[in-house]
Amino acid sequence: MNRLTKGLLGVGALLLLSGGLLALSGWTMGGQTELDLSWNGHGVRIGPLGIVSRDSAAQTETAARDGREELHLQAFRRVDVDVDLGDVTVTQGGDYGVSLNWKGKHYALEYELDGDTLRVRSSAQGGRFGLDGYGGTVTVYVPQHLRLEQLEVRSDLGDICLEGIAADTATVTGDLGDLTLRQVRAGALELHERMGTIDGAGLTVERSLSVENDMGDVRLEGDLQGELEVADSMGEIELTLSGPVEDYRYELNVDMGEICVNGETYRSEASRSGGRHSLNVENSMGDISVTFG
1 MNRLTKGLLG
11 VGALLLLSGG
21 LLALSGWTMG
31 GQTELDLSWN
41 GHGVRIGPLG
51 IVSRDSAAQT
61 ETAARDGREE
71 LHLQAFRRVD
81 VDVDLGDVTV
91 TQGGDYGVSL
101 NWKGKHYALE
111 YELDGDTLRV
121 RSSAQGGRFG
131 LDGYGGTVTV
141 YVPQHLRLEQ
151 LEVRSDLGDI
161 CLEGIAADTA
171 TVTGDLGDLT
181 LRQVRAGALE
191 LHERMGTIDG
201 AGLTVERSLS
211 VENDMGDVRL
221 EGDLQGELEV
231 ADSMGEIELT
241 LSGPVEDYRY
251 ELNVDMGEIC
261 VNGETYRSEA
271 SRSGGRHSLN
281 VENSMGDISV
291 TFG
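Residue numbers (the UniProt record's numbering): 1 to 293.
Worth flagging that the hints you see were computed from the coordinates, not collected in a lab. We put the CB at the ideal spot given by N, CA and C, even for glycine. Treat the hints with care, since some could be wrong.
[As the list claims (entries may be wrong)] Using 25 Å as the maximum straight-line C-alpha spacing, the simulated SDA-like pairs for lysine to any residue come out as follows:
#1 Lys105 x Arg78
#2 Lys103 x Leu146
#3 Lys103 x Thr139
#4 Lys103 x Arg119
#5 Lys103 x Arg68
#6 Lys103 x Glu70
[What the hints assert, rightly or not] Okay, the calculated beta carbon distance ranges per label pair:
#7 Asp116 x Arg68: 16 to 24 Å
#8 Arg276 x Ala201: 47 to 55 Å
#9 Glu269 x Glu70: 23 to 31 Å
#10 Glu227 x Arg68: 37 to 45 Å
#11 Arg267 x Glu227: 25 to 33 Å
#12 Glu110 x Arg276: 42 to 50 Å
#13 Asp116 x Arg207: 43 to 51 Å
#14 Asn280 x Glu70: 37 to 45 Å
#15 His277 x Ala201: 16 to 24 Å
All chains should be modelled from the sequences, with the hints used to inform the complete structure.
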C-alpha cells in the first residue's frame, strides 16, 4: 500500500471519527435533540426520553449548580485529576488549593487528599449525563516555586491548561478539547490528544517529551532537551526550539505535506546525525516546521 493510499484511508477514518466525536460533543453540550409540539392544547416534547409533557420535561432538565473551594489545603506533592466533563486548570497560587464548580442534576465533582496526593474525580449518578446544561470547571492551585513529583490530568470533554507549573513527570490527556501550556517545566512531559489543539509556549523539558495528536495542530516552543517524540495524524506541527541545530540529531517524516527546517524545505523526510538530543517527528497529513535557535 503506497503512501497516498495510506494517507487517504487515514483521512477517511479520521473524518468518520471526528463526525462521531462532534455529534457526541454537541449532544453533551446541549445540542438540539428534541422536538416541541402542541397536541390538543398541551405542549409535548419528543426526544431521547420518549414523549413527555413539556412542563414535566422542563422540571426534569433543571440543572443543579454546586461548587466547593478550599484554598488552604495541607501540602501535596502529587496531583491526579480525571474527569468526564469539564475544563481543568493547574496554576500557581498563594497556597495549596482546589476550586470545583459544576452544574447538572446527575453530575458532580469531588476531591480528596490521600497522603501527599490530591485527587479530583467526577461522578455521574446512575452512570449517565448528557442533557442540556451540564458542565464543570476544576482549578488546582500550587504554591509558587514548588516542583511537583507527579502531575496527571485527564478530561474526556473539556480544555486543559497548565500555567507556571513545574513537575518531575507530567502527563496530560484530552479526548475532545484543547491543551494549553504556559511556562511549564518538566523532567518528563507527555501530551495526548484525540481532537484539539496542543499549544505550548515557554516550555522547559529536561529529559523527555512525548506528544501524540489524532486530529489538531501541535505548536510547541521552548527549551526542549533529551528524547523528543512528536506525532500527529492530521494537523500542522510547528516546533520552535531555543537550542542550536548542532545540539540535535533528528528524523522528520511526513506522508502528505512538506517539511521546513530553519527555512529550508523538504518533500517527505529530513534527517541529521550527531547532537546530544534527539528529535523524531511524524505527521500523516499536514506540514512539519522546525526552527532551531
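Against the structure, the hints come out as follows:
Between lysine 105 and arginine 78, the direct Cα distance comes to roughly 30 Å. Violation of the 25 Å bound is thereby established for this hinted pair. Restraint check: the Cα-Cα separation between lysine 103 and leucine 146 comes to about 32 Å, which exceeds 25 Å; the hinted pair is violated. At most 25 Å may separate the alpha-carbon atoms for a hinted pair to count; lysine 103 and threonine 139 meet this at roughly 15 Å. Annotation: proposed proximity of lysine 103 to arginine 119 holds, straight-line Cα distance about 20 Å (limit 25 Å).
Proximity of lysine 103 to arginine 68 is assessed by CA-CA distance (about 12 Å); at most 25 Å being required, the pair is judged to hold. Taken as a hint, the lysine 103 and glutamate 70 pair is honoured in the structure, with Cα atoms around 18 Å apart against an allowance of 25 Å. Take aspartate 116 and arginine 68: their Cβ atoms lie about 21 Å apart, and the range 16 to 24 Å holds. Range check, arginine 276 to alanine 201: Cβ separation about 24 Å, and the 47 to 55 Å hint is violated.
At roughly 52 Å, the beta-carbon separation of glutamate 269 and glutamate 70 lies outside the given 23 to 31 Å, and the hint is violated. For the hinted restraint 37 to 45 Å between glutamate 227 and arginine 68, the CB-CB distance of approximately 40 Å keeps it satisfied. The hinted range of 25 to 33 Å is satisfied by arginine 267 and glutamate 227, whose Cβ atoms lie roughly 26 Å apart. Checking the proposed 42 to 50 Å range against glutamate 110 and arginine 276 shows it holds: the Cβ atoms sit about 45 Å from each other.
Between aspartate 116 and arginine 207, the C-beta spacing of about 22 Å breaks the proposed range 43 to 51 Å. Here the CB-CB span from asparagine 280 to glutamate 70 is close to 42 Å, well matched to the stated 37 to 45 Å. For histidine 277 and alanine 201, the Cβ-Cβ distance of about 19 Å falls inside the hinted range of 16 to 24 Å, so the restraint holds.
Going down the numbered hints, you'll see the structure goes against 1, 2, 8, 9 and 13, while the others check out.
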